Every structure is written in structure tokens, then in C-alpha cells.
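Which chain is which? The protein sequence lines are S and D, in order.
Take 80 as the starting number for the first sequence in this note's numbering and just add one per residue.
Take 6 as the starting number for the second sequence in this note's numbering and just add one per residue.
Worth flagging that the hints you see were computed from the coordinates, not collected in a lab.
Wrong hints could be hidden among the right ones.
[As the list claims (entries may be wrong)] Pairwise CB distance ranges, derived in the manner of DEER restraints:
| hint | chain 1 | residue 1 | chain 2 | residue 2 | range |
| --- | --- | --- | --- | --- | --- |
| 1 | S | Gly177 | D | Ile90 | 42 to 50 Å |
| 2 | D | Met6 | S | Arg131 | 24 to 32 Å |
| 3 | S | Pro253 | D | Thr27 | 55 to 63 Å |
All figures in this text were calculated on a predicted structure; none of them were measured in a lab.
By construction, the Cβ of each residue, glycine as well, lies at the ideal position given by its N, Cα and C atoms.
Residues per chain, in single letters:
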Amino acid sequence: MTDDPAQSNAPSAQVDERLNTPAREGLTGTTPADAYVPPRDPEQITRAPDGRPMDRQPQWRRDFPIDWPQDHYVARRDFAKFLCLTSLAFAAGQVWIGFQNIWRRHRGAPPVAKIGTLSALPVGGTLVFRYPGPHDDCILVRTAQDKLVAYSQKCTHLSCAVIPDPAKGVIRCPCHEGLFDLNTGRNIAGPPPRPLPRIDISIRGDEVFATGVERRTI
Amino acid sequence: MKPEHLQFFIDPNRCIGCQACTECDTHRGVSMIHLEYIERSRSVQTVPVVCMHCEQPTCAEVCPADAIKRTADGVVQSARKPRCIACGNCVMACPFGVPEVYEDRQIMMKCDMCYDRTSTGKKPMCATVCPSQALFFGTREQIEQLRPMSVPTNRFQFGNQSITTQVNMMVPKDGAGRMLVNVTDAMNDQPKARNVSLPVVWADPFAEVEVAL
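Hey, can you work out the whole structure from these sequences and the hints?
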């Protein structure tokens, strides 16, 4: 539609002949809906203010159309593109998981590291050390005269630092009241989904060495 | 889907300012119609302002959040609640001054022609309560028969912007077939000063009062 004022205001002015019947359906409001010009094609109803056709408009106007039918319209090509890309992403994810498994198997055991001396740790005492990396905080607890346990300090729920409580025999996570058993590291209450990773300990004379990390799922 | 043959007609000539339409309250207890006073110091003329539902809605053009959408029947809907960021761009942009930002609920709300009613073929609430039918919802034939002195128009000129709307405004029939309301010109156009004198003749209380215009 041009902006020529001489033109009448189409399309509402295009009145069907059927409306001028003696029964005057138009006056009673019972006009059939198709007596007027039907609504335009949903793909064509958005018109930019500059009046140019949609294929000559900038991309954002086609991406964010004003009209609801056009906004909800999904072309078959777009849908097929979405399906292909999503399937490709899933397949790539599977390959990635496989590679990670192989890499983990070939990584080898972490190095043996000295973490402290036995004489400096009384019964019921705890020690924070880092193993195997410099950012992996772990806790060492001497639960009995001849028993040492060591776990990763990261809570398996949201990686808060857990606090051992040797008097009660639990390890507590203060963030969401998660509880782990001190002797086994198993999650016994609260939100943590897995036991704490256990650090393998070996005692040679007076010195305590960490020899490995055992990650458990149950 | 609003029936194509039912249209909204606004006849400001017939508005008596009774505020019945502002009781519409259909949008969560908030009235979506503005009853505007024109030159309130000099006149009692009021005009109801509903959303005109433009062919190229300026409010939706300027919306940065893509919140204002139009349905296939041409009704520009109120802002989508999950998208609206209450920036107020539409308030600035609308030439008719329809949208309004509600700061307390952080959303723009505007008249959507009572879409729950008109989509099923009923009249909007304001058109049902208007006692003088300044707000009329019906077919074009009905309005042509009811208002023989007026003609509906839906084309407006605001400066360089020409707007075609879905809601029709009744303008006096001047014979020239003029179908375009130039709003900017009309705002500069001041009505001629009129002297109204009411000479009351005390001798005869039943004499006709002369009104010289």
C-alpha cells in the first residue's frame, strides 16, 4: 500500500457485495468472516517502515519480526539444520568422552609425595596438604595410634572445603550440611552424591607419603 | 483471531467525558484506556485514547527486547512479560501516547483491544460501556449508517511519519474525500477565538436566549 492520500484506506474499505443484501448481515454482526478480504499471508504481514520488501531488509529485521506468526514460523531448512547440528554435537561429545577415558588410563599413577611426619601429628589431629597438584587440597586425619586416613578436601556436592570432626567420627561440609564417614569417606547424609576421593597413604618409618588417589563413585 | 469484519471506531465528537471507559480494569486491575482532556483550560472536550494498532507499530520497532508482538489479525499485543525490560522506549516512540510503563511491576502495558474478548467476536469492554458510543466496535456498514455525517479514517500524518492504523477515527465528512489526518498541522492549528454572549432579557424570563457565535 502506498501512502497516497487519494487512495482509499484499503483493505478495510473493500466491502463485499454480499453485505448489501436486504437482510443486511453487516448490521446484525452475522457477516461471514470470509466476506471481507482474508488476512494476509503470515509470512508477508510484517512491513518495514521504509516500505521495502522483506528480502531487502537488514538481517535483524528478519530475525526479529514483529508479527507473531512470522516469529513462530520455523522453516523446514532451519529445523533440519538444527537437527543436524544437535546430532553432530552429541556425536562429538561421545568421541570426547572416549578420548578422555583413554587419556586417563594412559596418564599413569600420580607421584609419591611426602606430606608430613608421624610424630608431628597427635591422635585426633589433622593436617592439610596438597596432592597431587598444587591446588588439590587434602586432609590427613590420625584417627588412632596406628591409623591414618586421607581424603580430598573438596566436597563432592559443590566443592566446598570439608571439615573433619574426629571426635564424632564424621567429616562435615558446612555449606549444605553434608556428612561423610571419617573412616571410609562415604557420604552418609546431606546432598553429596559421591564419597570423597581417598588418598592412599604409606608410612615409612616416621614419614608419611601419599602414593595415589582413589576416586570412587559409590 | 479477531474477526476481520469487526473494527474499532473512535468518535471524539461524541465523547462526553463520563470516564466509564476508564473503568475497564481488564488488565490485572489496571485501566488501559486514557481519557484525555483537550485544552482543558478552555474546553470540556475529552477524547478516549486506545491503542490504534498500527500497520507498522513504532513501539515494536523501537523495542530492544523484542517484547511487543502483533498477532496475525493485526492486533498489537501488550508487552510480553518475560521479555519486557521496562526501558520505556515504546512510551517515547508511540505517536499516540498509548504505552505506559508500570515501574512497580517493571513492565509496559497497553491496550490490546481486549484481546480475550475481541478474539472471540465480543466487543472490547470500553465499547460495551460507552453510553454515547464514542467508542464503537462493529462493522463498517453499521458505522456508516449510524454516523452519516462522519467518515472513518485510519491514516495519520505525524510530521514525516505517516501511519496506517487498524482502529478508525471518525472525522467530519468534508466532501473532499480527505482520508488523512495531519496531526502535526492540527496541533498548530488554533481555533478561531469566539465570543459567546448570552444576553438575558430580564423582562421576559421565558424569552428565547440568543446565542451569538
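Going down the list of hints, with the structure as the test:
1. S:Gly177 / D:Ile90: 42 to 50 Å: With a Cβ separation near 44 Å, Gly177 of chain S and Ile90 of chain D satisfy 42 to 50 Å, so the hint holds.
2. D:Met6 / S:Arg131: 24 to 32 Å: holds (28 Å)
3. S:Pro253 / D:Thr27: 55 to 63 Å: holds (57 Å)
When the structure is compared with the earlier hints, no violation turns up for any of them.
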